[in-house]
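2 protein chains.
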Amino acid sequence: MSAKTVTLGLPQYAAVESTAANADTAERMIRQAASQGAQVICLQELCTTLYFCQREDPAHFDLTEPIPGPTTARFAEIAKALGVVLVLPLFEKRAVGLYHNTAAIIDADGTVLGKYRKMHIPEDPGFHEKFYFTPGDLGYRAWETAFGTIGVLICWDQWYPEAARLTALQGADILFYPTAIGWLLEERDTLGPAQHHAWQTVQRGHAVANGCHVAAINRIGQEGDTLFWGRSFVANPYGEVLAEASTDQEEVLIASCDLTEQEDFRRIWPFFRDRRIDSFGPLQERWGR
Amino acid sequence: MSAKTVTLGLPQYAAVESTAANADTAERMIRQAASQGAQVICLQELCTTLYFCQREDPAHFDLTEPIPGPTTARFAEIAKALGVVLVLPLFEKRAVGLYHNTAAIIDADGTVLGKYRKMHIPEDPGFHEKFYFTPGDLGYRAWETAFGTIGVLICWDQWYPEAARLTALQGADILFYPTAIGWLLEERDTLGPAQHHAWQTVQRGHAVANGCHVAAINRIGQEGDTLFWGRSFVANPYGEVLAEASTDQEEVLIASCDLTEQEDFRRIWPFFRDRRIDSFGPLQERWGR
Numbered sequence: 001m002s003a004k005t006v007t008l009g010l011p012q013y014a015a016v017e018s019t020a021a022n023a024d025t026a027e028r029m030i031r032q033a034a035s036q037g038a039q040v041i042c043l044q045e046l047c048t049t050l051y052f053c054q055r056e057d058p059a060h061f062d063l064t065e066p067i068p069g070p071t072t073a074r075f076a077e078i079a080k081a082l083g084v085v086l087v088l089p090l091f092e093k094r095a096v097g098l099y100h101n102t103a104a105i106i107d108a109d110g111t112v113l114g115k116y117r118k119m120h121i122p123e124d125p126g127f128h129e130k131f132y133f134t135p136g137d138l139g140y141r142a143w144e145t146a147f148g149t150i151g152v153l154i155c156w157d158q159w160y161p162e163a164a165r166l167t168a169l170q171g172a173d174i175l176f177y178p179t180a181i182g183w184l185l186e187e188r189d190t191l192g193p194a195q196h197h198a199w200q201t202v203q204r205g206h207a208v209a210n211g212c213h214v215a216a217i218n219r220i221g222q223e224g225d226t227l228f229w230g231r232s233f234v235a236n237p238y239g240e241v242l243a244e245a246s247t248d249q250e251e252v253l254i255a256s257c258d259l260t261e262q263e264d265f266r267r268i269w270p271f272f273r274d275r276r277i278d279s280f281g282p283l284q285e286r287w288g289r
Numbered sequence: 001m002s003a004k005t006v007t008l009g010l011p012q013y014a015a016v017e018s019t020a021a022n023a024d025t026a027e028r029m030i031r032q033a034a035s036q037g038a039q040v041i042c043l044q045e046l047c048t049t050l051y052f053c054q055r056e057d058p059a060h061f062d063l064t065e066p067i068p069g070p071t072t073a074r075f076a077e078i079a080k081a082l083g084v085v086l087v088l089p090l091f092e093k094r095a096v097g098l099y100h101n102t103a104a105i106i107d108a109d110g111t112v113l114g115k116y117r118k119m120h121i122p123e124d125p126g127f128h129e130k131f132y133f134t135p136g137d138l139g140y141r142a143w144e145t146a147f148g149t150i151g152v153l154i155c156w157d158q159w160y161p162e163a164a165r166l167t168a169l170q171g172a173d174i175l176f177y178p179t180a181i182g183w184l185l186e187e188r189d190t191l192g193p194a195q196h197h198a199w200q201t202v203q204r205g206h207a208v209a210n211g212c213h214v215a216a217i218n219r220i221g222q223e224g225d226t227l228f229w230g231r232s233f234v235a236n237p238y239g240e241v242l243a244e245a246s247t248d249q250e251e252v253l254i255a256s257c258d259l260t261e262q263e264d265f266r267r268i269w270p271f272f273r274d275r276r277i278d279s280f281g282p283l284q285e286r287w288g289r
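Listed in order, the protein sequences are those of chains A and B.
Quick note: the first sequence, position 115, residue 115 per the working numbering, numbers continuous.
Quick note: the second sequence, position 188, residue 188 per the working numbering, numbers continuous.
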């Protein structure tokens, strides 16, 4: 087989209060990524805002917008102009009182192919997402773009092998995970390294289990008591890290993925052939007893 | 919470032609493990035989025995005498013409608590298991033993997040993976490191996704064109490797697992709370489109 390579660009940056400033940062870094050869560029979770979920405040619903909407339109123009695929995570207003944590998928010709609404919503100290985000109801999807078939999951989804599997079953060659994860300052010294390790490991495991590439993009910077840990990365089907960003620097992570490697991998290890789907019914149960 | 520690023992050895000799090796290493403080001891896949699946030969069905049967009885006596829990993987004869790749779970008082029949059966060059093993029909289980609630999956199962999840949902605190995995000699130089990396990574991912400990026990030695890679290991819920054996040495790997760490982990990251079980139906499909 001849190589089929796709180059990914992951802009990692610190957010500020101004959504306009964040959007400008995103655009600047998208242009930088494209100039470095990136064909599919995935922005971080809630890419135009601070991570406002640290406390529950109804005023934050002012940050929402429809998808498609003004920001989608702006970035669709950029995608078209640069000829790149974009994954654009925003705070979606679906109706008054109904909001989602969503990513728009924009093809290289500017077409909005669809959107993914975050399915798994956390609620933990510093991460009060159940207040803000209605759990997604669009299921798990893959989109055939100009540069490959991609799937998108968002942050808390990344801990769930079911979500990765269901997206891979839709044909996704690359799983993108826009993310906002960090250390609570009080835990950083004790649990910090282990938490980061777990976060990266479980996603590398998804790459192996599904014979696909995985790309996680996380923000940096301190917001309130949370220090976002960056470390955006791309892994191949063997779970090997192809590229990894720093903990605290603004940077565009670039990684080239050879998709033919996936077929080589799946021929040697044909996991999809042998799944015991007849035994998977109890995955729909909360607990087994 | 006070610590609740359980010490695992994983005897890693090379098999020989004589099943009696292999059983003697297993007994010797179980006694060694117990003398080093092991409370739950898990033997490698097909622990009394060579890895005979490299070619298809009906004569190999002579290696089968019923479970419970003579080998189970022998090791149940050992378990009782030493006061240890044993996981004993054997080639099970269920009926004439009906055979399974099975593990017996024996409690510290010598009671055979039950058995696990390998659910996912590979069929690949050097691994002709679909000829020998009927896919398991007992499902995914967990057993409350004297030293903790344990689940058992076997080898090819280890690539399937669904199997790990279903076993964890049964309440397993530790997932044991008796294994026979190695490099085909022709692939070792090119793919060897990546294959080992993938194998360990996906299992460490299961530990993270389920907030449990994982213990994999693999054989060593060259059999035909396959070089079994050993590297038995134990990982904690953060996916960190607590202990790891060599690639080629007979050894008893000992690791102490603090099960209270699991509750600490699951309180911070309550993955089970948020599983979108309403969206998991398509996991029972072969492919998504």
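FYI, nobody ran anything at the bench for these hints, they're computed from the structure.
Warning: the hint list may mix true and false statements.
Chain B regions said to be covered by chain A (calculated; three or more residues, Cβ under 8 Å) [as the list claims (entries may be wrong)]:
{"no.": "1", "region": "52-63"}
{"no.": "2", "region": "72-80"}
{"no.": "3", "region": "98-106"}
To give an idea of the chain B side of the interface with chain A (calculated C-beta under 8 Å), a few residues [as the list claims (entries may be wrong)]:
{"no.": "4", "residue": "Ile121"}
{"no.": "5", "residue": "Gly126"}
{"no.": "6", "residue": "Phe127"}
{"no.": "7", "residue": "Leu166"}
{"no.": "8", "residue": "Gln170"}
{"no.": "9", "residue": "Leu185"}
{"no.": "10", "residue": "Arg188"}
{"no.": "11", "residue": "Asp189"}
{"no.": "12", "residue": "Gly192"}
{"no.": "13", "residue": "Ala194"}
{"no.": "14", "residue": "Val202"}
{"no.": "15", "residue": "Gly205"}
{"no.": "16", "residue": "Val241"}
{"no.": "17", "residue": "Ala243"}
Chain B is nowhere near these chain A residues, computed Cβ spacing over 12 Å in every case [to be verified]:
{"no.": "18", "residue": "Glu56"}
{"no.": "19", "residue": "Thr201"}
{"no.": "20", "residue": "Leu283"}
{"no.": "21", "residue": "Arg286"}
Just so we're clear, the structure is a prediction, and the values are computed from it rather than from any experiment.
Where is the CB? At the ideal position from N, CA and C, for every residue including glycine.
- [ ] Would you pick out the hints that fail for this structure and give their numbers low to high?
- [x] 1, 2, 3, 5, 6, 9, 10, 11, 12, 16, 17, 19, 20 and 21
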